[in-house]
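Colleague: Read off the chains here:
Protein chains: 2
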Amino acid sequence: MCPLSEKTLNPPIKPSTARVFSTEEKQALYDIINSRRDVRNEFLSTPIKDDVLTRILSAAHKAPSVGLSQPWNFILIKDAARRAKIHEAFEKANDEAAQMFPADKQGAYRALKLEGIKKSPLNICITCDRTRGGKVVLGRTHNNDMDLYSTVCAVQNLWLAARAEGVGIGWVSIFNNQDLKDILHIPEHVEIVAFLCAGYVSELFKEPELEARGWAKRIPVEELIKTETWHA
Amino acid sequence: MCPLSEKTLNPPIKPSTARVFSTEEKQALYDIINSRRDVRNEFLSTPIKDDVLTRILSAAHKAPSVGLSQPWNFILIKDAARRAKIHEAFEKANDEAAQMFPADKQGAYRALKLEGIKKSPLNICITCDRTRGGKVVLGRTHNNDMDLYSTVCAVQNLWLAARAEGVGIGWVSIFNNQDLKDILHIPEHVEIVAFLCAGYVSELFKEPELEARGWAKRIPVEELIKTETWHA
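As they're listed, the protein sequences go chains A and B.
All residue numbers for the first sequence refer to our numbering, where the first residue is 1 and numbers rise by one.
All residue numbers for the second sequence refer to our numbering, where the first residue is 1 and numbers rise by one.
Everything labelled a hint here was simulated from the structure, so no lab data went into it.
Ideal placement from N, C-alpha and C gives every residue a C-beta, glycine not left out.
Please note that the accuracy of each hint is not assured.
Unchecked claim - Every beta carbon over 12 Å from chain A, so not counted as near; a handful from chain B, in silico: (1) 17; (2) 45; (3) 46; (4) 47; (5) 88; (6) 118; (7) 121.
Unchecked claim - Below, computed lysine-lysine pairings styled on DSBU-like, alpha-carbon distance capped at 35 Å: (8) A/135 x B/113; (9) B/226 x A/78; (10) A/118 x A/62; (11) B/135 x A/181; (12) A/226 x B/118; (13) B/62 x B/113; (14) A/14 x B/206; (15) A/62 x B/92; (16) B/135 x A/105; (17) B/206 x B/105; (18) A/92 x B/62; (19) B/92 x A/135; (20) A/26 x B/226; (21) A/85 x B/135; (22) B/181 x A/62; (23) B/26 x A/62; (24) A/135 x A/118; (25) B/135 x B/105; (26) B/113 x B/181.
Full structure from sequences and hints, please.
Modeller: In structure tokens, the structure reads:
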């Protein structure tokens with residue numbers, strides 16, 4: 001067999017020159033990261049174009065996943081009756097949530113808008129199939145939740161791609177997940193990781209809305225960096 | 001009080017015009033997302049410049065966090081003796097891991113390089129302080145692990161910023177986390193979410209290394225998208 005055909009049949013497994021990004025390209029990423037918001041009220045009703053949605057979901061699918069298990073699924077929900085049921089599930093959970101806060105914070109909590117389930121034209125439920133990749137998954141042997149973490153990486157990729165495309169995302173976490181699983185017919189072995197509201201936005205808050213409304217403060221990043229060990 | 005000073009004291013809380021990204025800026029994000037790799041062997045020994053590291057960590061800190069709790073910390077580890085100990089902890093766990101695979105896969109598993117702890121010039125341990133934000137955190141009332149998920153969003157922001165800056169990242173998940181906690185003096189209430197190896201790279205795999213080496217296959221994204229419910 002001549003060396004050429006051997007090379008063709010058995011291409012060498014090796015890395016190639018890495019893409020170098022320009023100052024402008026780096027700045028684009030930082031501007032996308034810095035202007036990304038958790039959107040609750042700014043959704044426009046215009047449906048998201050199919051090609052835009054495809055690019056956003058493809059970006060999610062390019063996330064890292066433990067053992068390349070790609071444990072995620074994306075359920076796209078537009079039906080108004082189904083979203084009304086989901087909204088009811090949110091309201092039930094949110095009433096429970098309000099009562100968990102100290103009495104003097106409940107008023108402020110109830111004044112916050114925390115979801116855009118019916119206002120946004122699209123809801124996306126991102127799940128993690130805990131059985132995908134088989135019984136033993138490379139990299140998950142000692143940390144069983146690595147598949148959930150992989151799915152969150154997909155959520156963050158999706159969120160940044162959406163921001164770049166002019167689509168706002170709001171992550172709604174105030175649900176009893178079993179309510180959502182019942183409404184969406186999600187089987188036992190599949191876990192809901194994120195429930196997202198999605199729609200075009202023309203306006204966004206400059207800072208996180210919870211910061212703008214005085215609910216919480218930004219911590220300077222320097223205070224969160226440690227050297228060598230937790231105590232240093 | 002004149003209207004002007006009232007406005008100054010109580011600025012209106014409202015969104016402003018959202019930044020629109022150009023085709024080139026969108027493409028930069030997609031190129032960063034698509035060329036991001038889980039790096040094990042391509043690390044150069046050059047130390048990461050301080051300003052580059054600051055930008056990468058600041059990008060992580062701009063991740064969404066439940067109730068704006070910002071539960072993450074970043075422990076930067078350079079000390080060679082400490083990294084040698086961490087590498088020992090990896091090797092112990094990796095031996096245990098190899099034995100979990102079916103006999104006919106153990107050889108292939110052991111042939112894979114799964115970490116760059118000593119080769120990379122910097123290790124970053126990203127933790128989640130489960131007590132940050134107080135006893136009741138907005139958005140965490142029904143999903144207690146939302147703080148862990150927020151921390152994973154920070155990891156993914158960091159990973160993309162690193163790619164843009166020419167820095168490779170490898171996530172090592174094959175540890176008994178208590179071993180790492182002992183080495184890094186991490187207290188009980190703080191959970192390790194990600195242990196990353198970081199260093200400049202000039203070469204990268206074009207596809208995920210596990211795909212290039214035939215360990216796992218990419219699933220077409222279309223197969224992962226569902227409409228309205230899990231079964232549709």
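Colleague: Now tell me, hint by hint, if it's right for this structure.
Modeller: Hint-by-hint comparison with the structure:
1. 17: Not fine: 6 Å to the nearest Cβ puts residue 17 of chain B too close to chain A.
2. 45: holds (16 Å)
3. 46: holds (14 Å)
4. 47: holds (14 Å)
5. 88: Residue 88 of chain B is indeed farther than 12 Å from all Cβ atoms of chain A, at 15 Å.
6. 118: Fine: 16 Å to the nearest Cβ keeps residue 118 of chain B off the interface.
7. 121: The claim stands: residue 121 of chain B keeps its Cβ more than 12 Å from every Cβ of chain A (closest is about 14 Å).
8. A/135 x B/113: It holds: about 21 Å lies between the C-alpha atoms, which stays within 35 Å.
9. B/226 x A/78: Satisfied, since the Cα-Cα distance of roughly 12 Å is no more than 35 Å.
10. A/118 x A/62: Satisfied, since the Cα-Cα distance of roughly 29 Å is no more than 35 Å.
11. B/135 x A/181: Since the Cα atoms of residue 135 of chain B and residue 181 of chain A sit roughly 27 Å apart, the hinted pair holds (cutoff 35 Å).
12. A/226 x B/118: OK: residue 226 of chain A and residue 118 of chain B at ~19 Å, within 35 Å.
13. B/62 x B/113: holds (32 Å)
14. A/14 x B/206: Status holds; Cα separation ~9 Å.
15. A/62 x B/92: Given pair residue 62 of chain A, residue 92 of chain B holds - Cα atoms ~31 Å apart, limit 35 Å.
16. B/135 x A/105: holds (13 Å)
17. B/206 x B/105: holds (25 Å)
18. A/92 x B/62: holds (31 Å)
19. B/92 x A/135: holds (21 Å)
20. A/26 x B/226: At roughly 34 Å apart (the allowed maximum being 35 Å), residue 226 of chain B and residue 26 of chain A satisfy the hint.
21. A/85 x B/135: This hinted pair holds, its Cα atoms lying about 30 Å apart.
22. B/181 x A/62: holds (31 Å)
23. B/26 x A/62: holds (15 Å)
24. A/135 x A/118: violated (39 Å)
25. B/135 x B/105: violated (46 Å)
26. B/113 x B/181: holds (23 Å)
Checked against the numbered hints above, the structure breaks hints 1, 24 and 25 and satisfies the rest.
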